[in-house]
Amino acid sequence: MKLSLEEICKLIIDEIHSVIPELDESSISMDQGFMEMGVESLQAVTIIGSLSQRLNVPLDMTALFDRPNLSSLSEYIYEILYNEINLQENKEFQDSPIKKEKIS
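17 is the number of the first residue of the sequence shown in the numbering used here; add one for each residue after it.
Hints were generated in silico from the structure; no laboratory data involved. Since this is a predicted model, take the numbers as computed values, not measurements. Each hint should be verified, as a subset may be incorrect.
[Stated by the list, open to error] Once the Cα atoms are required to be at most 20 Å apart in a straight line, the calculated EDC-like pairs of lysine to aspartate or glutamate come out as:
| id | residue 1 | residue 2 |
| --- | --- | --- |
| 1 | K18 | E41 |
| 2 | K18 | D40 |
| 3 | K26 | D40 |
| 4 | K26 | E52 |
| 5 | K18 | E95 |
I would like the entire structure built from these sequences, with the hints used as guidance.
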């Protein structure tokens with residue numbers, strides 16, 4: 017099942033809320049910086065590690081700093097998920113036994 021950008025945003029918000037429980041989720045905007053929300057560097061590493069584990073994709077530990085808001089981070093994760101799926105499908109296709117015939 018492919019996650020939508022909205023679902024990815026919700027996962028990110030859930031992870032932020034798990035490290036900053038006092039943060040009011042309704043006050044978070046897509047373009048608000050994570051540092052503005054109060055996310056500190058160790059919390060950022062925890063958030064990225066949890067997201068990586070939940071989504072079963074490798075995420076760079078600097079992702080939260082390189083993509084400093086919900087909008088850019090969710091798009092980055094979506095792209096990784098989408099490319100991972102395409103790479104896997106492509107690998108399965110390449111590994112499938114296909115009889116190669118010469119075309120005359």
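Here is how each hint holds up against the structure:
no., hint, in the structure
1, K18 / E41, "violated, 24 Å"
2, K18 / D40, "violated, 28 Å"
3, K26 / D40, "holds, 14 Å"
4, K26 / E52, "holds, 18 Å"
5, K18 / E95, "holds, 11 Å"
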